[in-house]
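For the record, the sequence lines run as chains A and B.
Everything in the first sequence is counted per our numbering, starting at 1 for the first residue and increasing by one.
Everything in the second sequence is counted per our numbering, starting at 1001 for the first residue and increasing by one.
Keep in mind the hints are simulated off the structure, nothing from the lab.
Treat the hints with caution; some may be incorrect.
[Stated by the list, open to error] Selected chain A positions facing chain B (in silico; Cβ < 7 Å):
1. E132
2. I460
3. E466
4. V508
5. F513
6. N551
7. K556
8. V559
9. Q563
10. V592
Where a beta carbon is used, it is the ideal one built from N, C-alpha and C, also for glycine.
Protein chains: 2
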Amino acid sequence: MSTDRENLEHFSCIGHSVSRVDALDKVLGRALYSEDISFPNMLYGRVLRAGIPHAIIEEIDTSAAKAMKGVACVLTAKDIPGINRYGIAFQDQYALAVDRVRYVGEPVALVASETDEIAMEAVESIRVKYQELPVITNPHQALAEGAPLIHEKGNLLLHSKVRKGDVDSGFSRADVTVENTYRTHTVDHAYMETESGIGRIDEHGNIVIWSANQCPFRDRRQVAGVLGIRENKIRVIRATTGGAFGGKDDITVEIHIGLLVQATGRPVRLVLDRQESFLSQTKRHAIEIWTRWGATKDGKLCSMEGKVYGDKGPYAGLGAFVIKKCGIHLSGPYYIPNIKVDSYSVYTNNLFGSAMRGFGVAQAAIAHESQMDELAERLAIDPLEFRLMNALDQGLSTPTGQVFYEGVGIKATLEKIKEVRLKDSSLRDNLEKGTKTKRKGIGIGSMFYGLGYGFSRQDIGAATIEICEDGSVILRSGEVDYGQGSDTIFCQIVAEELGIRYDDIQIVTADTFTTPNAGPTSASRVTYVTGNAVLQASRAIKETFRSVAENLLGEKDLVFVDQEIHSELHPDKKMSFKKLAWECHNRGLQMVQTAWYDNTTNDVDTETGQGDAYSAFAYASQLAEVEVDTETGRVDVLRIVSATDAGKAINPSNVEGQIEGGAVMGIGYGLTEEIKVQQGSLKTRSLGEYMIPTSMDIPRIDPHIVEVPVSRGPYGAKGVGEPALIPTTPAVLNAIADAVGVRVTELPANLENLHRLIREKGEGPK
Amino acid sequence: MSTDRENLEHFSCIGHSVSRVDALDKVLGRALYSEDISFPNMLYGRVLRAGIPHAIIEEIDTSAAKAMKGVACVLTAKDIPGINRYGIAFQDQYALAVDRVRYVGEPVALVASETDEIAMEAVESIRVKYQELPVITNPHQALAEGAPLIHEKGNLLLHSKVRKGDVDSGFSRADVTVENTYRTHTVDHAYMETESGIGRIDEHGNIVIWSANQCPFRDRRQVAGVLGIRENKIRVIRATTGGAFGGKDDITVEIHIGLLVQATGRPVRLVLDRQESFLSQTKRHAIEIWTRWGATKDGKLCSMEGKVYGDKGPYAGLGAFVIKKCGIHLSGPYYIPNIKVDSYSVYTNNLFGSAMRGFGVAQAAIAHESQMDELAERLAIDPLEFRLMNALDQGLSTPTGQVFYEGVGIKATLEKIKEVRLKDSSLRDNLEKGTKTKRKGIGIGSMFYGLGYGFSRQDIGAATIEICEDGSVILRSGEVDYGQGSDTIFCQIVAEELGIRYDDIQIVTADTFTTPNAGPTSASRVTYVTGNAVLQASRAIKETFRSVAENLLGEKDLVFVDQEIHSELHPDKKMSFKKLAWECHNRGLQMVQTAWYDNTTNDVDTETGQGDAYSAFAYASQLAEVEVDTETGRVDVLRIVSATDAGKAINPSNVEGQIEGGAVMGIGYGLTEEIKVQQGSLKTRSLGEYMIPTSMDIPRIDPHIVEVPVSRGPYGAKGVGEPALIPTTPAVLNAIADAVGVRVTELPANLENLHRLIREKGEGPK
């Protein structure tokens, strides 16, 4: 069954920028973030962090802390009742350090006390005797013969490969080759709300935790293991969350809260301050990418190879998948017949690298888009045309040899950028307005992004829809809306399918006791995967309702629109959805449906990396216009033009919001943000030192939505969360190169670095 | 698919008396009843009740109340934003009286204030000017020509009929006839917890109400209508409930809480005190039953007719169905070829009659069991044998002409009583130990009870089962466990089906936002209907799991037992349920299933009452042994022997608990409990005046469970909640007749009545 309006080519709710379901709650200040939730008799939790990057623990003396008035409990590893090992894919993390610390943020002890001040004092009073170990500060050092082992199994966490065609024969046909090493830096998610949560024991003896998280179900599993209790005795609920961007994809505070609640039997709140968040929580990996590309003189890419060294820091988290994804995407949204990439996830004693918006592809795109621009320059082809000449298309194989016959949107995004560039005279005019010290330039950044997890990793969505007796709807899904807008999207889908008002849907999400597990919010998969579960549940309900309406109206050609069901042939034959709901209820018909959508793919061959890795890709291109001050190295981004292939924009305003937020994040990533680490120690300790773009730094952003539908997506929709960010940084870097002829291969392109590069080069070519 | 252990004729969890899921919470005092829930800034609600039974409201002056310090709001009918009419089947009730009051408990105004004391004072300060109307105190007066109309549509709410065969021709074959009029009295549910609840506005602007209720979903519908908002903006949650017995089947405090929360925006608690509960809340109807039965001299019932006049009081509630059910069941669990019954639900100005455990059949059984004993005496046949001679059986038609071919358990219950009577010499011996003033007697009571609603009334159950990644289970159902034990039963079903530990199931119930609507807890339908939904959901999950296990183990003949899956042929081929859950999760397989079970039947012919009214019946028989003090009229019940056809006792201890509780309630109903009403005014105002049996009054109770399975019930189970109570009262009345030769036709058989009857008769025949 198709959506009734679909054939009419107009939707009542899909494609409309309805206001978000959470808008009012947030504007009125009534939304409850973890820190807004409190309970009588509540304790405050604090964590003692290692503070040194690599050491043997010889002794932990908590006696002073335990003796302090107002301290309810002090816990170390030996107090853990369950298994003190966890991790999503690799169980290499410790809830509390046992005999060793592997990075500065390593948790060593927990305190819960009557006030936060006492907790801080108690933490400071704990004495730990360390025997320091050599600090491994980069992957090469970690992989060197005889390097000290951070984990017993060795410092190499994962080596993954892409082997497509024959790169040597490919390069033998190349007329030009470009070879470079790119070094991306460590950045933080820098969400408004740091990691936080609160837990308590409910009236049935279960442990309940409200927290800022991306997947309460996976967090539950990890809490259960460490606490030594069954998963169904732990209830994890997403509190309203002030940003996540992958930083709350790994578990953050939940295990520690669970341990403190379990030990004290009292409510415990645990909120990380910014410095602790910087120190201990996951980061976007610093990745070193060496890559060589070859093209023929007629502008066709013929071969590429690469080596990716990801600095994991001390533990796996989701990081091995990040580095792998970086390698898989290193050839960009282009058809290249011969590819060889090796990716290495390597343990070090730096900060903990794991998921962040872009998930390895943000780093890959910096490399592949720089490569594309350099090749275009060498071949004297317009960089945008060069991209169009090589862009992936239906029938052309991806790096893993996968071929799609629909929904390949990269060309459409490039065409949109081209159209804007041609039409918008200010872009051309501006370029000519540079002065000797203020150089203007434009640059293009493109990307593709495998939606969802791929590689046979479990990738499911689920939703339950229940129709009330008056035709209003309750939608339940375990999916997390941490601000990206999925709750709104889901309600739009239900409204569209049932032909009812968007406001008539109540959504309940992300509570392990009351909503079905819909997997994590990550990998730009939420609309694409869980959106389908919502769609299927809606359609299942509609089937039941349709049959009753057919019976009552004596008509077969019924449509559900405008809160009514009517016959297309005889429009006067109609009834309200409300009335129909009541009739269905009275007949004992099924008013609730649970749907499950499985997006789990097959795995690829481990030796070659070949196979159908993803069920679909998302695509985006951006143009950045910059002005570079050659005297200071300062870059002003003047404008971002984005063309994002949303497949189908279910809520255009929300897609635009993603694009705008992504662009700002991409600018910060490229130019100013940096978590500085020296010999494993954190040097960036506050948002004052960590330069995220302010409102004054944000340029005009033109968010164009391109729609190249993919049949598996709901209404053709693809994810846009990560595609919004990934093209920005390379576009800005390419614009800088355009402006001053300097290619930044070691990020960020901040004043210091750019100033140095410009000086090294002498004045730019313009 | 059958349960794996079913064929082995032993279950791992079904049929075992596991301890109840709520036992620990209640024993430890941590279960939260509505009154245990509080919120900051909470107000206390109070209701002004009419206090007079029938009057026109001329004026309501709330000015003094509104002016009182600490009063947050005072509401009358004119403040109601939605539709001030509600009711489950007939919309004849008013949330607040508009221009008329129809009984003493009628709500007239609401107050919310900072303390309960202020609220009480404020209520007292409201001045209402009434113009009194004539009070209609019984159905005959109400139906008399020219009687004042309580409702515009007239005083007859419902007339329902049973017409089977030809009673005249039936009576023409009768050798003996017995004709009597029985008058049952008004009683209260007298639960430990009175009607109570608390409401607030949640962080999304929804109204949330926790209350002691039997169906949060139906309550939600009624609150929504009066408040004028959609059902999905109201969340009703069952708080732990201290008994309901039908008294919380109609809505109690929820609408008033909703109105006060809506008006003030603040949390409001509303708890009725016992006097208010007695005054205003629903009661078991006083019913007058005239009936005539005929039998042939060989002991075969040949004809019966009856007229049932139910005193509804002022409003319908569920009461019309109660009176109808009384009429349908008036011929008892016997095959009678010719039946004619007319039932009249009649409005009066007495207290509000509606649902109470037994639902009309408790009253019917008093009549039919007295009739049976009198006929047996006239025919000189042992009363138990006479019942056996006439008991319904497979292939014999019920009063509505319905024929069952399985699961007809009445004979089995009588045989069990017979067996006990024969075996237990103390029963015979005791009878001979009577003295002149202390007479002993025994009596039999039997009954049948249509399970569920029947008559095409919506009768559904629903459940969602989700398997956690570690194989522990979360079960969600909208069904209410108000103390009868259904949460435990549901967990047993899941444990049995999946072969896991009962403790490994977490159950979440009765919350309109988070659990699927499973219909009300009433009509002894919960195990029978919603139990099936739980069973189906379990089996759906099991199918998925089985296919993965078959694949992993390479075996087809798998059984799920002892937290393992193993091959029956090769028992060493096995894996743990926990491991299997993880494997299924990793494959992206569906871990959550929602099942819906529809027990809605067809309706019967309105003129004849003939049709397949119910999907099954429950059966029970009891024997009561009493000692009557002929000088005082005091009755001591010495023993109750109960034989209850549970179909399959899923939790024998729980069935026994139902039987014991039911028997105590039946004794109270027969002997001591009475809500006295004079001219519409309540005379019984406290539990001190309302004589429920104390622990000293409770006899030895032998709860025998008989199992005559019905294929539609889960594992053959039938409901036992109401069958536990219904036979007790007639058994006690028949035992009194046996002891002192006096038949009580006007209840209760309290000291006053029995003393009078014994005196009127002179000494009894023994």
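Exercise. Does N551(A) pass the interface hint, meaning its C-beta sits closer than 7 Å to a C-beta of chain B?
Worked result: Violated - the Cβ of N551(A) stays beyond 7 Å from chain B, reaching only about 15 Å at its closest.
Exercise. Against chain B, with CB atoms and a cut of 7 Å, does the hint on I460(A) hold up?
Worked result: At 5 Å from the nearest chain B Cβ, I460(A) passes the 7 Å test, so the hint holds.
Exercise. Should the interface hint for V592(A) be scored as holding, given a Cβ-Cβ cut-off of 7 Å against chain B?
Worked result: 4 Å, holds
For this session: Could you check if Q563(A) really has its C-beta closer than 7 Å to a C-beta on chain B?
Result: Violated. Min distance 12 Å.
Exercise. Measuring from the C-beta of K556(A) to each C-beta in chain B, is the shortest one below 7 Å?
Worked result: 24 Å, violated
For this session: Could you check if V508(A) really has its C-beta closer than 7 Å to a C-beta on chain B?
Result: 5 Å, holds
Problem set entry | Status of the E466(A) interface restraint (C-beta, 7 Å, chain B) | 6 Å, holds
Exercise. With 7 Å as the cut and Cβ atoms as the points, is E132(A) at the interface with chain B?
Worked result: 39 Å, violated
Problem set entry | Status of the V559(A) interface restraint (C-beta, 7 Å, chain B) | Violated - the Cβ of V559(A) stays beyond 7 Å from chain B, reaching only about 23 Å at its closest.
Exercise. Holds or violated: is the Cβ of F513(A) closer than 7 Å to a Cβ in chain B?
Worked result: Holds - the Cβ of F513(A) comes within 7 Å of chain B, reaching about 5 Å at its closest.
In summary, the structure is inconsistent with hints 1, 6, 7, 8 and 9 from the numbered list given earlier, while agreeing with the others.
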